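Order-wise, the sequence lines are chains A and B.
With the first letter of the first sequence counted as 1, position 132 gets the number 131 in numbering that gives the first Met the number 0; the numbers rise by one all the way through.
With the first letter of the second sequence counted as 1, position 12 gets the number 11 in numbering that gives the first Met the number 0; the numbers rise by one all the way through.
Derived by calculation from the structure, the hints in this document are not laboratory data.
As the structure is a prediction and not an experimental result, all values here were calculated from the model.
Check the hints yourself; a few may be wrong.
Pairs involving identical chains hold if they fit within one copy or between any two copies, as the list cannot separate such chains.
Stated by the list, open to error - Within a straight-line C-alpha distance of at most 27 Å, the following computed DSSO-like cross-link-like pairs (lysine-lysine) qualify: (1) K70 with K119; (2) K128 with K35; (3) K32 with K119; (4) K70 with K21; (5) K21 with K128.
There are 2 protein chains.
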Amino acid sequence: MSDHRAIQSDQLDAVSDPAASKARLRLWLKLLKATKHVEGELRESFRTDFDTTLPRFDVMAALDRVEAGLKMSELSSVLRVSNGNVTGIVDRLVDDGVLVRVPVDHDRRATTVRLTRAGKEQFAAMAAKHEAWIDEMLGAVDASEIQAMSDQLERIASKRNKKDT
Amino acid sequence: MSDHRAIQSDQLDAVSDPAASKARLRLWLKLLKATKHVEGELRESFRTDFDTTLPRFDVMAALDRVEAGLKMSELSSVLRVSNGNVTGIVDRLVDDGVLVRVPVDHDRRATTVRLTRAGKEQFAAMAAKHEAWIDEMLGAVDASEIQAMSDQLERIASKRNKKDT
Numbered sequence: 000m001s002d003h004r005a006i007q008s009d010q011l012d013a014v015s016d017p018a019a020s021k022a023r024l025r026l027w028l029k030l031l032k033a034t035k036h037v038e039g040e041l042r043e044s045f046r047t048d049f050d051t052t053l054p055r056f057d058v059m060a061a062l063d064r065v066e067a068g069l070k071m072s073e074l075s076s077v078l079r080v081s082n083g084n085v086t087g088i089v090d091r092l093v094d095d096g097v098l099v100r101v102p103v104d105h106d107r108r109a110t111t112v113r114l115t116r117a118g119k120e121q122f123a124a125m126a127a128k129h130e131a132w133i134d135e136m137l138g139a140v141d142a143s144e145i146q147a148m149s150d151q152l153e154r155i156a157s158k159r160n161k162k163d164t
Numbered sequence: 000m001s002d003h004r005a006i007q008s009d010q011l012d013a014v015s016d017p018a019a020s021k022a023r024l025r026l027w028l029k030l031l032k033a034t035k036h037v038e039g040e041l042r043e044s045f046r047t048d049f050d051t052t053l054p055r056f057d058v059m060a061a062l063d064r065v066e067a068g069l070k071m072s073e074l075s076s077v078l079r080v081s082n083g084n085v086t087g088i089v090d091r092l093v094d095d096g097v098l099v100r101v102p103v104d105h106d107r108r109a110t111t112v113r114l115t116r117a118g119k120e121q122f123a124a125m126a127a128k129h130e131a132w133i134d135e136m137l138g139a140v141d142a143s144e145i146q147a148m149s150d151q152l153e154r155i156a157s158k159r160n161k162k163d164t
């Protein structure tokens, strides 16, 4: 018994239930595969239907939620990507008449970006298609199963990895 | 009635059940968030515990499965990334003594890459930790729920988006 305990304390990294652990590893690979699959299909559909990209859609979606627009730093923080990446995307969307840069009152150096009227219309059309595509692809999940799966995903998303170096 | 049908035929993109469609859209955002969260935690843990990256781990995992090694083109195809990206990663792993390039018999121009003995040992240690991290993070999903969730994810991953341009 004491031997058994000694072995356990040497193997703090070992998982408590090997079968469940292997099943969770397979579950993670499926989670990754399903997400990459849907992202790939969305990327392809945005390209063929709207000649646009997922990052451009994400920028428009972030701005569609705020009438007054966002500073570049706010936009980067909402999208959790670096300012440099967002700048290039915003430049192209401004060229396309989808976004405008607006000076900020009381701050000569700052500008916000917001959707133009044309940009709002384009986004509405894209968002409707986006929802229909997701509905098609996630139609594999029955309405009665959605809640349970959402809860599980939310629990996963809020779980920190134990730092055990 | 005929008016109603005319409207419907004009709106082929409209979803059949708006409430379920919104729920699936929220489910997709949670799927994406959970996946990005786990990926981010793994990236951080690989960095702090092994001073390595997810793409390096993926290359080692692909090679751990084949004793004889893989040609660069085979490795790229397994990993579904471009040859150029894989080349840089392989170069560094060769420098680190984790991989070796081996000439292919009967083909002077071709080489395969395979794990060295040290590489195999390193990979075994990394794979054990990787499994423990996943077990910790996906511990939010009870063992009894794993199968149902796996099935749903498999159905999502095999669903093509309807091309309705």
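| task | Quick one: which hint numbers does this structure break? Sort them smallest to largest. | result | 4
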